[in-house]
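Residues in the sequence shown are numbered from 6 upward in steps of one, following this note's numbering.
Please note that the accuracy of each hint is not assured.
Computed beta-carbon distance windows for the label pairs [stated by the list, open to error]:
1) Asn-98 x Lys-224: 37 to 45 Å
2) Thr-150 x Lys-181: 56 to 64 Å
3) Leu-126 x Ala-207: 22 to 30 Å
The calculated DSS-like cross-link candidates involving lysine-lysine, where the alpha carbons are at most 30 Å apart (straight line), are [unchecked claim]:
4) Lys-142 x Lys-160
5) Lys-77 x Lys-135
6) Lys-122 x Lys-88
7) Lys-77 x Lys-202
8) Lys-210 x Lys-187
9) Lys-122 x Lys-155
10) Lys-158 x Lys-142
11) Lys-88 x Lys-160
12) Lys-203 x Lys-155
13) Lys-155 x Lys-142
14) Lys-172 x Lys-279
15) Lys-192 x Lys-77
16) Lys-111 x Lys-171
17) Lys-88 x Lys-192
18) Lys-77 x Lys-279
19) Lys-189 x Lys-279
20) Lys-155 x Lys-172
21) Lys-122 x Lys-135
22) Lys-202 x Lys-122
23) Lys-276 x Lys-181
24) Lys-99 x Lys-227
25) Lys-276 x Lys-88
26) Lys-158 x Lys-147
27) Lys-250 x Lys-113
28) Lys-171 x Lys-147
The set of hints was computed from the structure by calculation and includes no laboratory data. Just so you know, even glycine gets a beta-carbon here, dropped at the ideal spot from N, CA and C.
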Amino acid sequence: MFKFMGLTNWRGMGVVTPFSGRAVRRLFVLVILLSLCTSPLSGVSADSGWDSALDEIHNLYTDYTGLQASLKSDLQRNQELRKQNNAALAAVNKQLQATNAAQLAKLKAASEAVQKKHAPLLDQYTALSKQITAARKVSNLKSATVLELKRNKLKAAATAARAEVKKATSALAEAKALTAAKNKPAKDALAPITLLKKQIAAQNKLFSATQSERTESDKRYKAAVQAGDATQAAAAMKLSYNRMKEIRTMAGQLYGWEQQISTALRAAELKLPK
(Lines of atoms letter the chains of each structure in order from A; the text may use other names.)
(Lines give C-alpha, C1' and ligand atoms only; values in the text may rest on other atoms or scores of the structure.)
Protein backbone atom coordinates (compact mmCIF):
# COMPACT_ATOMS: atom_id res chain seq x y z
CA MET A 6 0.00 0.00 0.00
CA PHE A 7 1.09 3.61 -0.14
CA LYS A 8 4.02 4.04 2.11
CA PHE A 9 4.20 7.78 1.90
CA MET A 10 7.86 8.59 2.61
CA GLY A 11 7.85 6.75 5.93
CA LEU A 12 5.00 8.75 7.47
CA THR A 13 2.43 5.99 7.39
CA ASN A 14 1.89 2.69 9.15
CA TRP A 15 0.97 -0.58 7.40
CA ARG A 16 -1.75 -2.52 9.15
CA GLY A 17 -4.00 -5.40 8.21
CA MET A 18 -5.40 -6.22 4.75
CA GLY A 19 -3.00 -3.83 3.03
CA VAL A 20 -4.68 -0.73 4.52
CA VAL A 21 -2.37 2.15 5.33
CA THR A 22 -3.19 4.30 8.35
CA PRO A 23 -1.78 7.84 8.31
CA PHE A 24 -0.75 9.66 11.44
CA SER A 25 -3.60 11.84 12.71
CA GLY A 26 -3.63 15.58 12.55
CA ARG A 27 -4.29 18.05 9.75
CA ALA A 28 -0.86 19.59 10.17
CA VAL A 29 0.85 16.22 9.74
CA ARG A 30 -1.16 15.52 6.59
CA ARG A 31 -0.21 18.86 5.11
CA LEU A 32 3.42 18.27 6.00
CA PHE A 33 3.17 14.85 4.40
CA VAL A 34 1.91 16.27 1.11
CA LEU A 35 4.64 18.88 1.23
CA VAL A 36 7.28 16.16 1.64
CA ILE A 37 5.87 14.34 -1.40
CA LEU A 38 5.90 17.49 -3.48
CA LEU A 39 9.43 18.34 -2.40
CA SER A 40 10.61 14.82 -3.21
CA LEU A 41 9.18 15.19 -6.69
CA CYS A 42 10.51 18.70 -7.21
CA THR A 43 14.05 17.96 -6.05
CA SER A 44 14.57 14.79 -8.14
CA PRO A 45 16.64 14.95 -11.34
CA LEU A 46 14.00 15.62 -13.98
CA SER A 47 15.56 16.12 -17.45
CA GLY A 48 13.35 19.13 -18.08
CA VAL A 49 10.16 17.52 -16.82
CA SER A 50 9.59 20.28 -14.22
CA ALA A 51 8.97 22.75 -17.01
CA ASP A 52 6.14 20.68 -18.34
CA SER A 53 2.73 22.08 -17.42
CA GLY A 54 1.45 18.48 -17.33
CA TRP A 55 3.94 17.74 -14.59
CA ASP A 56 2.70 20.72 -12.56
CA SER A 57 -0.87 19.60 -13.11
CA ALA A 58 0.04 16.14 -11.82
CA LEU A 59 1.41 17.69 -8.63
CA ASP A 60 -1.91 19.45 -8.15
CA GLU A 61 -3.76 16.15 -8.66
CA ILE A 62 -1.69 14.47 -5.96
CA HIS A 63 -2.25 17.38 -3.60
CA ASN A 64 -6.00 17.49 -4.23
CA LEU A 65 -6.52 13.73 -4.00
CA TYR A 66 -4.49 13.20 -0.85
CA THR A 67 -7.20 14.13 1.67
CA ASP A 68 -9.84 11.97 -0.03
CA TYR A 69 -7.34 9.14 -0.37
CA THR A 70 -6.36 9.07 3.29
CA GLY A 71 -9.97 9.48 4.35
CA LEU A 72 -10.98 6.50 2.23
CA GLN A 73 -8.12 4.48 3.69
CA ALA A 74 -9.41 5.11 7.21
CA SER A 75 -12.98 4.21 6.24
CA LEU A 76 -11.86 1.04 4.49
CA LYS A 77 -9.80 -0.04 7.47
CA SER A 78 -12.83 0.43 9.71
CA ASP A 79 -15.05 -1.53 7.31
CA LEU A 80 -12.62 -4.43 7.07
CA GLN A 81 -12.25 -4.61 10.84
CA ARG A 82 -16.05 -4.58 11.20
CA ASN A 83 -16.32 -7.42 8.66
CA GLN A 84 -13.66 -9.45 10.39
CA GLU A 85 -15.32 -9.12 13.78
CA LEU A 86 -18.74 -10.15 12.47
CA ARG A 87 -17.25 -13.06 10.54
CA LYS A 88 -15.51 -14.34 13.68
CA GLN A 89 -18.74 -14.01 15.66
CA ASN A 90 -20.69 -15.89 12.98
CA ASN A 91 -18.11 -18.67 12.72
CA ALA A 92 -18.15 -19.14 16.48
CA ALA A 93 -21.96 -19.11 16.60
CA LEU A 94 -22.23 -21.60 13.73
CA ALA A 95 -19.80 -23.95 15.44
CA ALA A 96 -21.80 -23.69 18.67
CA VAL A 97 -25.11 -24.38 16.89
CA ASN A 98 -23.69 -27.40 15.07
CA LYS A 99 -22.23 -28.73 18.30
CA GLN A 100 -25.59 -28.44 20.00
CA LEU A 101 -27.32 -30.19 17.10
CA GLN A 102 -24.82 -33.03 17.30
CA ALA A 103 -25.54 -33.31 21.01
CA THR A 104 -29.27 -33.92 20.47
CA ASN A 105 -30.07 -37.39 21.86
CA ALA A 106 -26.34 -38.14 21.58
CA ALA A 107 -26.19 -40.38 24.67
CA GLN A 108 -29.27 -42.36 23.62
CA LEU A 109 -28.01 -42.77 20.06
CA ALA A 110 -24.60 -43.92 21.27
CA LYS A 111 -26.22 -46.48 23.58
CA LEU A 112 -28.51 -47.84 20.87
CA LYS A 113 -25.69 -47.96 18.34
CA ALA A 114 -23.49 -49.90 20.72
CA ALA A 115 -26.34 -52.31 21.46
CA SER A 116 -27.04 -52.85 17.76
CA GLU A 117 -23.39 -53.50 16.99
CA ALA A 118 -23.11 -55.91 19.92
CA VAL A 119 -26.15 -57.91 18.79
CA GLN A 120 -24.89 -58.11 15.22
CA LYS A 121 -21.47 -59.23 16.38
CA LYS A 122 -23.01 -61.82 18.72
CA HIS A 123 -25.13 -63.45 16.02
CA ALA A 124 -22.80 -62.97 13.07
CA PRO A 125 -21.22 -66.49 13.18
CA LEU A 126 -24.61 -68.23 13.33
CA LEU A 127 -26.18 -66.10 10.58
CA ASP A 128 -23.10 -66.37 8.38
CA GLN A 129 -23.20 -70.17 8.76
CA TYR A 130 -26.91 -70.28 7.97
CA THR A 131 -26.44 -68.12 4.86
CA ALA A 132 -23.47 -70.20 3.69
CA LEU A 133 -25.51 -73.44 4.01
CA SER A 134 -28.31 -71.90 1.95
CA LYS A 135 -25.87 -71.00 -0.83
CA GLN A 136 -24.34 -74.50 -0.74
CA ILE A 137 -27.78 -76.09 -1.01
CA THR A 138 -28.59 -73.97 -4.05
CA ALA A 139 -25.27 -74.91 -5.69
CA ALA A 140 -25.78 -78.62 -5.03
CA ARG A 141 -29.26 -78.56 -6.53
CA LYS A 142 -27.96 -76.84 -9.66
CA VAL A 143 -25.68 -79.80 -10.35
CA SER A 144 -28.42 -82.30 -9.33
CA ASN A 145 -26.43 -83.50 -6.32
CA LEU A 146 -29.54 -84.30 -4.32
CA LYS A 147 -27.70 -86.27 -1.64
CA SER A 148 -25.43 -83.41 -0.79
CA ALA A 149 -28.31 -80.95 -0.99
CA THR A 150 -30.35 -83.05 1.44
CA VAL A 151 -27.51 -83.29 3.98
CA LEU A 152 -26.89 -79.56 3.78
CA GLU A 153 -30.57 -78.81 4.15
CA LEU A 154 -30.75 -80.96 7.28
CA LYS A 155 -27.88 -78.98 8.78
CA ARG A 156 -29.47 -75.67 7.84
CA ASN A 157 -32.89 -76.61 9.16
CA LYS A 158 -31.33 -77.58 12.47
CA LEU A 159 -30.13 -73.95 12.76
CA LYS A 160 -33.30 -72.38 11.40
CA ALA A 161 -35.03 -71.62 14.69
CA ALA A 162 -31.91 -70.09 16.20
CA ALA A 163 -31.19 -68.11 13.02
CA THR A 164 -34.76 -66.80 12.95
CA ALA A 165 -34.53 -65.66 16.55
CA ALA A 166 -31.13 -64.08 15.92
CA ARG A 167 -32.41 -62.15 12.93
CA ALA A 168 -35.38 -60.91 14.92
CA GLU A 169 -33.09 -59.68 17.69
CA VAL A 170 -30.79 -57.93 15.19
CA LYS A 171 -33.78 -56.35 13.45
CA LYS A 172 -35.19 -55.10 16.75
CA ALA A 173 -31.89 -53.46 17.70
CA THR A 174 -31.33 -51.86 14.30
CA SER A 175 -34.94 -50.67 14.17
CA ALA A 176 -34.60 -49.03 17.57
CA LEU A 177 -31.50 -47.21 16.40
CA ALA A 178 -33.13 -46.12 13.14
CA GLU A 179 -36.21 -44.86 14.99
CA ALA A 180 -34.08 -42.86 17.43
CA LYS A 181 -32.15 -41.34 14.53
CA ALA A 182 -35.39 -40.35 12.82
CA LEU A 183 -36.72 -38.72 15.99
CA THR A 184 -33.44 -36.86 16.44
CA ALA A 185 -33.52 -35.63 12.86
CA ALA A 186 -37.08 -34.40 13.37
CA LYS A 187 -36.03 -32.50 16.50
CA ASN A 188 -33.11 -30.89 14.68
CA LYS A 189 -34.97 -30.12 11.45
CA PRO A 190 -36.32 -26.65 12.37
CA ALA A 191 -32.86 -25.42 13.34
CA LYS A 192 -31.21 -27.04 10.33
CA ASP A 193 -33.79 -25.49 8.02
CA ALA A 194 -32.95 -22.09 9.51
CA LEU A 195 -29.26 -22.76 8.81
CA ALA A 196 -29.89 -23.78 5.19
CA PRO A 197 -29.39 -20.30 3.61
CA ILE A 198 -25.91 -20.09 5.10
CA THR A 199 -24.49 -22.57 2.60
CA LEU A 200 -25.34 -20.34 -0.39
CA LEU A 201 -24.23 -17.20 1.44
CA LYS A 202 -20.84 -18.73 2.17
CA LYS A 203 -20.44 -19.64 -1.51
CA GLN A 204 -21.20 -16.04 -2.46
CA ILE A 205 -18.69 -14.81 0.09
CA ALA A 206 -16.01 -17.17 -1.22
CA ALA A 207 -16.57 -15.98 -4.81
CA GLN A 208 -16.51 -12.34 -3.74
CA ASN A 209 -13.32 -12.88 -1.76
CA LYS A 210 -11.57 -14.02 -4.94
CA LEU A 211 -12.52 -10.76 -6.67
CA PHE A 212 -11.57 -8.88 -3.53
CA SER A 213 -8.09 -10.43 -3.50
CA ALA A 214 -7.57 -9.73 -7.20
CA THR A 215 -8.55 -6.08 -6.80
CA GLN A 216 -6.39 -5.77 -3.71
CA SER A 217 -3.43 -7.12 -5.71
CA GLU A 218 -4.01 -4.50 -8.41
CA ARG A 219 -4.05 -1.81 -5.77
CA THR A 220 -0.81 -3.11 -4.28
CA GLU A 221 0.86 -2.94 -7.68
CA SER A 222 -0.43 0.61 -8.16
CA ASP A 223 1.07 1.60 -4.82
CA LYS A 224 4.43 0.16 -5.87
CA ARG A 225 4.31 2.14 -9.11
CA TYR A 226 3.43 5.27 -7.15
CA LYS A 227 6.42 4.85 -4.86
CA ALA A 228 8.74 4.19 -7.79
CA ALA A 229 7.41 7.26 -9.62
CA VAL A 230 7.98 9.46 -6.55
CA GLN A 231 11.54 8.21 -6.25
CA ALA A 232 12.09 8.91 -9.95
CA GLY A 233 10.55 12.38 -9.68
CA ASP A 234 7.86 11.47 -12.21
CA ALA A 235 4.80 13.39 -11.01
CA THR A 236 2.67 12.31 -13.96
CA GLN A 237 3.16 8.61 -13.29
CA ALA A 238 2.82 9.14 -9.54
CA ALA A 239 -0.54 10.87 -9.98
CA ALA A 240 -1.78 8.17 -12.35
CA ALA A 241 -0.76 5.40 -9.94
CA MET A 242 -2.36 7.22 -7.00
CA LYS A 243 -5.65 7.66 -8.87
CA LEU A 244 -5.69 4.01 -9.92
CA SER A 245 -5.03 2.89 -6.35
CA TYR A 246 -7.77 5.21 -5.12
CA ASN A 247 -10.28 3.79 -7.62
CA ARG A 248 -9.37 0.22 -6.69
CA MET A 249 -9.79 1.12 -3.04
CA LYS A 250 -13.33 2.37 -3.77
CA GLU A 251 -14.09 -0.96 -5.46
CA ILE A 252 -12.68 -2.82 -2.48
CA ARG A 253 -14.87 -0.84 -0.11
CA THR A 254 -17.95 -1.64 -2.22
CA MET A 255 -17.07 -5.33 -2.04
CA ALA A 256 -16.50 -5.04 1.69
CA GLY A 257 -20.03 -3.65 2.02
CA GLN A 258 -21.46 -6.58 0.07
CA LEU A 259 -19.52 -9.04 2.22
CA TYR A 260 -20.80 -7.37 5.36
CA GLY A 261 -24.37 -7.61 4.10
CA TRP A 262 -24.00 -11.35 3.55
CA GLU A 263 -22.42 -11.81 6.97
CA GLN A 264 -25.40 -9.96 8.45
CA GLN A 265 -27.73 -12.42 6.69
CA ILE A 266 -25.72 -15.29 8.14
CA SER A 267 -26.03 -13.71 11.56
CA THR A 268 -29.81 -13.48 11.14
CA ALA A 269 -30.00 -17.14 10.10
CA LEU A 270 -27.93 -18.15 13.11
CA ARG A 271 -30.18 -16.26 15.50
CA ALA A 272 -33.21 -18.01 14.00
CA ALA A 273 -31.50 -21.41 14.30
CA GLU A 274 -30.57 -20.78 17.93
CA LEU A 275 -34.22 -20.11 18.78
CA LYS A 276 -35.23 -23.41 17.13
CA LEU A 277 -32.66 -25.65 18.77
CA PRO A 278 -34.12 -28.66 20.64
CA LYS A 279 -34.69 -27.94 24.32
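Results of checking the hints against the structure:
no., hint, in the structure
1, Asn-98 x Lys-224: 37 to 45 Å, "43 Å, holds"
2, Thr-150 x Lys-181: 56 to 64 Å, "44 Å, violated"
3, Leu-126 x Ala-207: 22 to 30 Å, "56 Å, violated"
4, Lys-142 x Lys-160, "22 Å, holds"
5, Lys-77 x Lys-135, "73 Å, violated"
6, Lys-122 x Lys-88, "48 Å, violated"
7, Lys-77 x Lys-202, "22 Å, holds"
8, Lys-210 x Lys-187, "37 Å, violated"
9, Lys-122 x Lys-155, "20 Å, holds"
10, Lys-158 x Lys-142, "22 Å, holds"
11, Lys-88 x Lys-160, "61 Å, violated"
12, Lys-203 x Lys-155, "61 Å, violated"
13, Lys-155 x Lys-142, "19 Å, holds"
14, Lys-172 x Lys-279, "28 Å, holds"
15, Lys-192 x Lys-77, "35 Å, violated"
16, Lys-111 x Lys-171, "16 Å, holds"
17, Lys-88 x Lys-192, "20 Å, holds"
18, Lys-77 x Lys-279, "41 Å, violated"
19, Lys-189 x Lys-279, "13 Å, holds"
20, Lys-155 x Lys-172, "26 Å, holds"
21, Lys-122 x Lys-135, "22 Å, holds"
22, Lys-202 x Lys-122, "46 Å, violated"
23, Lys-276 x Lys-181, "18 Å, holds"
24, Lys-99 x Lys-227, "50 Å, violated"
25, Lys-276 x Lys-88, "22 Å, holds"
26, Lys-158 x Lys-147, "17 Å, holds"
27, Lys-250 x Lys-113, "56 Å, violated"
28, Lys-171 x Lys-147, "34 Å, violated"
In summary, the structure is inconsistent with hints 2, 3, 5, 6, 8, 11, 12, 15, 18, 22, 24, 27, 28 from the numbered list given earlier, while agreeing with the others.
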